[in-house]
Structures are given as structure tokens and as C-alpha cells.
Amino acid sequence: MANDNLQVLNALDVAKTQWYHFTAIVIAGMGFFTDAYDLFCISLVTKLLGRIYYYEPGSSKPGVLPNNVSAAINGVAFCGTLVGQLFFGWLGDKMGRKRVYGMTLMLMVICSVASGLSFGKEPKAVMAALCFFRFWLGFGIGGDYPLSATIMSEYANKKTRGAFIAAVFAMQGFGILAGGTIASVVSSAFKAKYPAPAFQIDPIGSTVPEADYVWRIILMFGALPAFLTYYWRMKMPETARYTALVAKNAKQAASDMSKVLQVEIEAEQEKVEELESKAGNDFGLFSKQFLRRHGLHLLGTTSTWFLLDIAYYSQNLFQKDIFSGIGWIPEAKTMSAMEEVFRIARAQTLIALCSTVPGYWFTVALIDKIGRFVIQLMGFFFMTVFMFALAIPYHHWTLKDNRIGFVVMYSFTFFFANFGPNATTFIVPAEIFPARLRSTCHGISAASGKLGAIVGSFGFLYAQKGIGIRNTLITLGVINFFGMLFTLLVPESKGKSLEEMSGEAEQEIVTTRDGVDARTIPV
Numbered sequence: 001m002a003n004d005n006l007q008v009l010n011a012l013d014v015a016k017t018q019w020y021h022f023t024a025i026v027i028a029g030m031g032f033f034t035d036a037y038d039l040f041c042i043s044l045v046t047k048l049l050g051r052i053y054y055y056e057p058g059s060s061k062p063g064v065l066p067n068n069v070s071a072a073i074n075g076v077a078f079c080g081t082l083v084g085q086l087f088f089g090w091l092g093d094k095m096g097r098k099r100v101y102g103m104t105l106m107l108m109v110i111c112s113v114a115s116g117l118s119f120g121k122e123p124k125a126v127m128a129a130l131c132f133f134r135f136w137l138g139f140g141i142g143g144d145y146p147l148s149a150t151i152m153s154e155y156a157n158k159k160t161r162g163a164f165i166a167a168v169f170a171m172q173g174f175g176i177l178a179g180g181t182i183a184s185v186v187s188s189a190f191k192a193k194y195p196a197p198a199f200q201i202d203p204i205g206s207t208v209p210e211a212d213y214v215w216r217i218i219l220m221f222g223a224l225p226a227f228l229t230y231y232w233r234m235k236m237p238e239t240a241r242y243t244a245l246v247a248k249n250a251k252q253a254a255s256d257m258s259k260v261l262q263v264e265i266e267a268e269q270e271k272v273e274e275l276e277s278k279a280g281n282d283f284g285l286f287s288k289q290f291l292r293r294h295g296l297h298l299l300g301t302t303s304t305w306f307l308l309d310i311a312y313y314s315q316n317l318f319q320k321d322i323f324s325g326i327g328w329i330p331e332a333k334t335m336s337a338m339e340e341v342f343r344i345a346r347a348q349t350l351i352a353l354c355s356t357v358p359g360y361w362f363t364v365a366l367i368d369k370i371g372r373f374v375i376q377l378m379g380f381f382f383m384t385v386f387m388f389a390l391a392i393p394y395h396h397w398t399l400k401d402n403r404i405g406f407v408v409m410y411s412f413t414f415f416f417a418n419f420g421p422n423a424t425t426f427i428v429p430a431e432i433f434p435a436r437l438r439s440t441c442h443g444i445s446a447a448s449g450k451l452g453a454i455v456g457s458f459g460f461l462y463a464q465k466g467i468g469i470r471n472t473l474i475t476l477g478v479i480n481f482f483g484m485l486f487t488l489l490v491p492e493s494k495g496k497s498l499e500e501m502s503g504e505a506e507q508e509i510v511t512t513r514d515g516v517d518a519r520t521i522p523v
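The opening residue of the sequence shown carries number 1 in UniProt numbering; numbering runs sequentially from there.
Some hints here could point you the wrong way.
[Said to hold, decoys possible] Only pairs whose alpha carbons sit at most 25 Å apart, straight line, appear in this in silico PhoX-like list of lysine-lysine:
hint	residue 1	residue 2
1	K98	K235
2	K369	K494
3	K496	K369
Hints in this document: simulated from the structure, not taken from any laboratory.
Using the sequences and the hints, build the whole thing.
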């Protein structure tokens, strides 16, 4: 029963919001700040890379990245993230959350710096080096998803757990905002220091040699926040739920949480051993018991995250193309290289400031009041509505007088993604699975999402040219509709303990063929 739960877990569930909660949010959240910065800033510099490395002398247009190179640079970090989510999710359940947490952060720091140091004699060599380091950067970022979510869910109390996990994820919004801000500042500084004419006036002179430093500085800045939080990550104790329920060390769990909560907690090693000795709660990921209890849950978390990320990452990665299409960003040949980077960065920063960041914090404020299910369903519904509202009268929005309306509608799709499934698909997998499989299941769910991101980022580059922006937006609207349907498979976890949601706090009565209760086991 729930009241038979270990004292250390009950203490965490009923703990008042304290300083350590906010410390944990910042420590875990800075990883997501770096994640979002690194994954999204690449979309800011792709046009600059085209101008620097792929301009053909005598051409009437600035250089652009070939389709395959553009797809590789945009998508290779997602491939690394997918592998990292699966690997570090599994490792987090095997070795413990804390031991793996530092590895992912150092990998992010090293590969962020290395991305900016991608050198070579030929453009192909530079692009190959950049793709290599961004794959391993994604690998480290992938580990941060299951570990940060699991650590925050296992530290939090049940009353405000959703808000705490959402606050960690909301740091993505600041990461996206920082990406646009840093790119704006760096490009402005170089534009002032090294003035250049527009491409149509001087094709060669419009891209100054110093522009090669700009994209490198922007990419390398992502290492700074991760580096600053490494020490504090290493000082965090292992979560009590892992130590007690997986490592079976109640004494260590009680000792760690006594220091964190500043209360005396009884170790109860006997109760841990008693739970371990009873059958029924030791099933594996590929067992019939897991399939029966959590199979539909895992299908719900993986499918909704997959469908969301197709739409979400497509939107993010083609922002600059939409802004160009509606005239918010002038034609490339009318600008210098630095001016183009500044214009794209400014547009992305405004979208983040007006819709992305507020959406995240609406989720933080309301998730423990109205619940995960309602927010996710509502988010998918409005994303569907706004996608169709943009797509069906697309010609109307491209007219000069209606461009601001288009940007407002486009911003609303971002708002309801973040005050909706982009946050909840991250939160729920960290709450509904057993402790010994929690990180693994979150990693599987997140990897499914990144598979959607790969479909979105690779597929959109070709879909846009093949079927046009209007039909692509209609397709994304249909995808969001299916996300709404698959949300029906996801359970509500508001106000419940992790053990209640995973089944670890319940009891199951097993009846023999003769109708006799054979045993009562905690599950």
C-alpha cells in the first residue's frame, strides 16, 4: 500500500518546496539550456556557411549549402541525440543517475568547443569535421534528457513535481533565446568592426574573411553554461529512489536525503530487503508483465513524442525560410553576410521571446493545477488549428499587408507547442514507469521523439521543394491531429507519487485456480 512506502520516499513526496528544489532545477536546467542552444543555433549559421564555403565566382546569388550537406549539418546532432538517449537512459538505470550525469555534461562541453574548431583545407573537410563533432555533441545531449527528467522527478514532491520537471525543460526556451541573442550580438559586433557592402554591390566583399570566426564563436559559446554547472552536478547526491529501490541501500538513501531535507529519516533496510524478497516487482523491460502494465503507456509516450517532434523541429528549422518567404527577411543578395545572420537571429529571438519562452512558463504555472493530459490534448488541438489556419489561406498571408498576421499565427503554434506537448511529453515518461526502468523508458520515449526530429529536419528540406510550404504546413497539421489521438493512451499523473504511478506502491492479489489467495505482493 502507499502508506507502507519507505519513510525516505514519503519524506520526499510530502516535502515543502525548499532551496534544494530550486538548486536542482538550475543544475539540471542548465544542461537543457545548453541542449537547446546547441541544437538550434546551427540553424542560424547555415546560410553563413553557404556564403563562406560554397560561393561560386561569377554567380548572381550568394553561396548556399547543397541539400545533402544542409540536411547532414541540421540532422546529424539529432542522430547523436537519439543514440545518446537510448544508451545513457539504459546506463542511468544500471550505474545510477549521478555517476552518468557528469559524463554527459563533459561530452557536451568538449564537443561544443570542438565544433567551433572544425578546420580543413577544403569545404568538404570542414563540413565533415563539423558533422563529426556535432554527432558526439548530440550523443552527450541525448543523455541529458532521461537523466535530468528522472533526477528531477525523483527529487521532487508529488504536489509540485510537474512544475519542477517543467521548469527544467523550460530552460530550453532560454537556450533558444540565448542562441538568437548571441548570434545577434556577435554579428552586430563584426558588422560594425568590418563593414561590408551588400552582395549585389560586391559579391566577394559582402562576405569578409573574418566572417569565418562568427559561426565558430556562436557554436562554441554553448560550452560555457554547461562547464559552469559541472562542479554542482558532481556534488548532487544520488536520488533516494535509485539508492533505495534499485541499489537496495536504504541506509545511504536515508543519509543522503536527511542532509538534503534537513530532517532525520529512518533507514528501514529491513523493509527494502522484504520488498526485494517478494516476487512480482522484478520484471524486465521485455517481459509480459511490463507489456501488460506499461505497454500502452510506453506506446503513448513514444508515439506522441515522435509526432510532436516531426512538427516542432520542422517549424524551428525552417523559420528562416518562412520569414524570407513572407518578406520579413530581405532577399539574400540585398544583404551582406553579417547583415543576413543578424536579421535571421533577430527574427528567431523575437519568436522565442514572444511565444516560445512564455509557453514553457505557462506550463510550469498550470501543470499541477489542470494536469498533464489536459495540457497535452489542448496543445495538440491548437497546434492543429493554427497549422491549418496558416496553410489553407497561405497566399493571403504572403501578401505584404498580412505578413505580421502570419508571424502572430506562427508564434501561436509555438506557444501551444510549449504550453502543450513539447513539455508534457518530456515530463510524463519520468513519472509513470518503475524506478529500475524509469531512465531507460524515458530514453526510449525521447529517442522516439528524436526520430521524429530527424524526419522533420531531413524530410522538410526535401518536402519544402517538392510540395511547397503550404502543403507542408497542411501535412504538419495532420500530424498534430494524430498526436491528439495518441494522447488518449497517456495516463494522468497529477498529484500521485511515483510509486503509485509505476505500481510499486500497490499490492496485487494472485489467485490460484482453486480460488485461494496465494500471495500478496507489492508491485
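Verification of the hints:
1. K98 - K235: Within the cut-off at roughly 9 Å; holds.
2. K369 - K494: holds (8 Å)
3. K496 - K369: Holds, at about 13 Å.
Checked against the numbered hints given earlier, this structure breaks none of them.
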